[in-house]
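Just need the whole structure built from these sequences, with the hints factored in.
Number of protein chains: 2
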Amino acid sequence: MQDRLGAVKAQVQAALDRAIGALPPGELRDAMAYACAGGKGIRAFLVMESARLHGVSDAAALPVATAVEALHAYSLVHDDLPAMDDDDLRRGQPTVHVKWSEATAILAGDALQSLAFGLLADPAIGDAATRRLVSAFAQAVGGAGMVWGQALDIAAETARQPLTLAQITELQRGKTGALIRFAAIAGPLIADADMAPMAAYADAVGLAFQIADDILDVTGNEDVTGKRVGKDVAAGKATFVSLLALDGARAEAARLIDAADAALEPYGEGAGNLRHLARFVIERDT
Amino acid sequence: MQDRLGAVKAQVQAALDRAIGALPPGELRDAMAYACAGGKGIRAFLVMESARLHGVSDAAALPVATAVEALHAYSLVHDDLPAMDDDDLRRGQPTVHVKWSEATAILAGDALQSLAFGLLADPAIGDAATRRLVSAFAQAVGGAGMVWGQALDIAAETARQPLTLAQITELQRGKTGALIRFAAIAGPLIADADMAPMAAYADAVGLAFQIADDILDVTGNEDVTGKRVGKDVAAGKATFVSLLALDGARAEAARLIDAADAALEPYGEGAGNLRHLARFVIERDT
Chain U
1 MQDRLGAVKA
11 QVQAALDRAI
21 GALPPGELRD
31 AMAYACAGGK
41 GIRAFLVMES
51 ARLHGVSDAA
61 ALPVATAVEA
71 LHAYSLVHDD
81 LPAMDDDDLR
91 RGQPTVHVKW
101 SEATAILAGD
111 ALQSLAFGLL
121 ADPAIGDAAT
131 RRLVSAFAQA
141 VGGAGMVWGQ
151 ALDIAAETAR
161 QPLTLAQITE
171 LQRGKTGALI
181 RFAAIAGPLI
191 ADADMAPMAA
201 YADAVGLAFQ
211 IADDILDVTG
221 NEDVTGKRVG
231 KDVAAGKATF
241 VSLLALDGAR
251 AEAARLIDAA
261 DAALEPYGEG
271 AGNLRHLARF
281 VIERDT
Chain C
1 MQDRLGAVKA
11 QVQAALDRAI
21 GALPPGELRD
31 AMAYACAGGK
41 GIRAFLVMES
51 ARLHGVSDAA
61 ALPVATAVEA
71 LHAYSLVHDD
81 LPAMDDDDLR
91 RGQPTVHVKW
101 SEATAILAGD
111 ALQSLAFGLL
121 ADPAIGDAAT
131 RRLVSAFAQA
141 VGGAGMVWGQ
151 ALDIAAETAR
161 QPLTLAQITE
171 LQRGKTGALI
181 RFAAIAGPLI
191 ADADMAPMAA
201 YADAVGLAFQ
211 IADDILDVTG
221 NEDVTGKRVG
231 KDVAAGKATF
241 VSLLALDGAR
251 AEAARLIDAA
261 DAALEPYGEG
271 AGNLRHLARF
281 VIERDT
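Just so you know, the sequences run in chain order U and C.
Take 1 as the starting number for the first sequence in UniProt numbering and just add one per residue.
Take 1 as the starting number for the second sequence in UniProt numbering and just add one per residue.
These are calculated hints, taken from the structure and not from any lab test.
Treat the hints with care, as some may be off.
It does not matter which identical chain is used: a pair holds within one copy or between any two.
[What the hints assert, rightly or not] With a straight-line cut-off of 25 Å between C-alpha atoms, the simulated SDA-like cross-links for lysine to any residue are: (1) Lys-99 / Ile-154; (2) Lys-237 / Trp-100; (3) Lys-40 / Asp-58; (4) Lys-99 / Ala-159; (5) Lys-99 / Thr-158; (6) Lys-99 / Glu-27; (7) Lys-231 / Glu-102; (8) Lys-99 / Arg-160; (9) Lys-237 / Glu-27; (10) Lys-99 / Gln-161; (11) Lys-99 / Asp-86; (12) Lys-99 / Pro-82; (13) Lys-231 / Arg-160; (14) Lys-237 / Pro-25; (15) Lys-99 / Asp-85; (16) Lys-9 / Gly-39; (17) Lys-40 / Arg-29; (18) Lys-99 / Ala-156; (19) Lys-231 / Ala-251; (20) Lys-40 / Ala-15.
Note that the structure is a prediction, hence the values are computed from the model and not measured.
Quick look at the structure:
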C-alpha cells in the first residue's frame, strides 16, 4: 500500500503544480502552492482506490483526487487562521498566515476552493459524473459538511460545558468525516454505482482517523507530526481521549477498523489497499 | 427594466432562502442568510437576461443567477474582514464579522462559495452546460479571477507607489469584472453559443461599474449607499477618480456605456433591458 500511496501522492502533487502553475504569478499563487505541499495524500489515495474498484479510469479519477487534496489544503489554511484554531505550524512549516499574512491566507484558501471545484469539470470525467461530483462535493464542503463541523468546533471552544461523546462524534462527521466520505464514494459516484459499502467504510475510517488525531495530540511528537501537540488538553477541550481515556479511545479506533473491514466485504480481495489504509490511519505517527 | 430587476431579485432571494434554509440551523446558517440579503441583484439580472437572449429557459438560468449572487455575497463577507478592507457597514447593516465574529464570517463566506458551486449542478441546467459553467465559474472566482484581483488590491495598499491607470484597470478586470463577465456570458455558455458579444458588453459594463463605484466613494451619501464612503481618498488610494478626476471618470464611464451598447448590436431590440442596465450602472446612487 505504501508504494501505491507514494505513487498517488506524486501524481496528485504534479497535477496540483500544473493547475496552480497556470495561474498568474505572485504571492497568492505562491501561497496556494505552499499550502498544497507535503500532505499525506490519504484522501487522494481513497479516491484512486475507490475509482479502481468501480472500473473508473485513472484519467477520470486523478482530477477528482487532486480536487480533494486542494480542498483539504484550503480547509487547513483557513482552520489555522488566528480567528479560528490559531496554529503557527503545519506539516512542519510555518502556516500560511505566519509566512505571508492573514489576507493572503484567506485569499489562498478561497482560491484553492475554486480550484478544487474547477478540477471536477475535467472532460475526462464525463459530464453526468461531473454534475454528480459537484453536487456531492458542495454538500461535503459547505454549510452542512466540513465548514459546518468547523463552525461547531469553534462554537464549542467558547461554550460553557465541554461536548459529549455524541456531540463530538456529530461534529467529526462534518469537520473531517465529510471530505473523507466524499473521497471514498468518488468511485461509485463517477460510475453511478451503489455507494453504500464505500460510505460505510468511510464513516468508520473517518471517525477512526479523528480518534487517532486526538491520540496523537496526547502522545505525539511535534517533530514527527509537524504540527503543535497538546493543544486540546491545554485548552481543556473535549476529545475522544478526554472522554474515553487513552485505552478506551484505542479500543474504539480498533473496533472501527474492524467495521471498515466488514464494509469492504463486497469487494473481496480487490479492496486490500483500502484495508491496509484503514490500519495505517490508526497506526500512523504523523 | 426596474420591474424585471425587481422580479429577478425576488426570485433569486427565494431560491437563496430555500438553499440556505435546507442547511442545519445555527449561527453559520444565519450568517449566510444575512450576507445574502439586500443586494442590488445586478449580477442575477445579467444572468437571466443573457439566458433569455440565448433561448435558455428560466428554470435553467435561475440556479445560475442564484449561484452568482451567493458567490458575490461570499466575496463581500471576506473582503470586509479586518485583515482585508476592514469594513463595518455593508448594505446599511453591520458586516458579518461585526455582527457575529471573524471566524463566523470566514466560515460563512467559505460555505457560500460551496453553495454557489453546488447550485450549478441543478439538473435543469443539463450536464454538459453544468460542466462548462463550473469550469468558467472556477476561473472567474479563483487565483486568476476575482480572488486574484482582490489580492492585487490588498497588495496595492502596502505598495510604495500608487497604481497606474493600466494597473487599476487590470486589477478591476479581476476583482469586480470577472464575476460580471461570468454572469453576462452565462446564456451563451449554457446554450453553447458565441460568447464574444456578451463578453465585450460585460467588459465595458464591468469597468463602468467600478468607475461608478469610485465616483460614489467621493460623491456618495453613506445613508444611501449603505456602505462607508470616502475611504479611498482617506487611504490615499489610486482610483479612477484620483487618476482621471471626476469629470474624466464620468466621461470614461459614458464612453464605456456606448461601447456596451455597440456590443449588443447582434441582439437588436431584444437587448433593451441590458442597454438600460448599462445606463443604470453608472447612474445609480447606491
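Results for each hint:
Taking the closest pair of Cα atoms, Lys-99 and Ile-154 come within 25 Å of each other both inside a single copy (23 Å) and across two copies (16 Å). Taking the closest pair of Cα atoms, Lys-237 and Trp-100 come within 25 Å of each other only across two copies (22 Å); inside a single copy the shortest separation is 29 Å, beyond that limit. Taking the shortest Cα distances, Lys-40 and Asp-58 sit within 25 Å of each other inside one copy (19 Å), while across copies they are farther apart (45 Å). In the homo-oligomer, the alpha carbons of Lys-99 and Ala-159 lie at most 25 Å apart only across protomers (18 Å), although the nearest pairing inside one protomer, at 31 Å, exceeds that limit.
For the identical chains of this complex, Lys-99 and Thr-158 are inter-copy neighbours only, at 17 Å across copies versus 28 Å inside a copy, given an alpha-carbon limit of 25 Å. When the C-alpha separation of Lys-99 and Glu-27 is checked against a cutoff of 25 Å, the pair qualifies only within one copy, where the shortest distance is 11 Å, while the shortest distance between copies is 31 Å. With identical chains, the CA atoms of Lys-231 and Glu-102 are at most 25 Å apart both within one copy (21 Å) and between copies (21 Å). Within a single copy, Lys-99 and Arg-160 get their C-alpha atoms only as close as 34 Å, which misses the 25 Å cut-off; across copies the closest is 21 Å, which meets it.
For the homomeric pair Lys-237 and Glu-27, the shortest alpha-carbon distance between copies (21 Å) is at most 25 Å, but the shortest distance inside one copy (35 Å) is not. When the C-alpha separation of Lys-99 and Gln-161 is checked against a cutoff of 25 Å, the pair qualifies only between copies, where the shortest distance is 24 Å, while the shortest distance within a copy is 35 Å. Within a single copy, Lys-99 and Asp-86 get their C-alpha atoms as close as 13 Å, and across copies as close as 21 Å, so both meet the 25 Å cut-off. Both within a single protomer and between protomers do Lys-99 and Pro-82 lie at most 25 Å apart by alpha-carbon distance, with minima of 13 Å and 18 Å respectively.
For a Cα distance limit of 25 Å, the shortest separation of Lys-231 from Arg-160 inside one copy, 19 Å, qualifies, whereas the shortest one across copies, 40 Å, does not. For the identical chains of this complex, Lys-237 and Pro-25 are inter-copy neighbours only, at 23 Å across copies versus 41 Å inside a copy, given an alpha-carbon limit of 25 Å. In this homomeric assembly, Lys-99 and Asp-85 come within 25 Å of each other (Cα to Cα) both inside a single copy, at 16 Å, and across copies, at 20 Å. Taking the shortest Cα distances, Lys-9 and Gly-39 sit within 25 Å of each other inside one copy (8 Å), while across copies they are farther apart (43 Å).
For the identical chains of this complex, Lys-40 and Arg-29 are intra-copy neighbours only, at 21 Å inside a copy versus 32 Å across copies, given an alpha-carbon limit of 25 Å. Proximity of Lys-99 to Ala-156 under the C-alpha cut-off of 25 Å is restricted to the inter-copy arrangement: shortest distance 19 Å between copies versus 28 Å within a copy. For a Cα distance limit of 25 Å, the shortest separation of Lys-231 from Ala-251 inside one copy, 23 Å, qualifies, whereas the shortest one across copies, 59 Å, does not. In this assembly of identical chains, the alpha carbons of Lys-40 and Ala-15 lie at most 25 Å apart only when taken from the same copy (16 Å versus 39 Å across copies).
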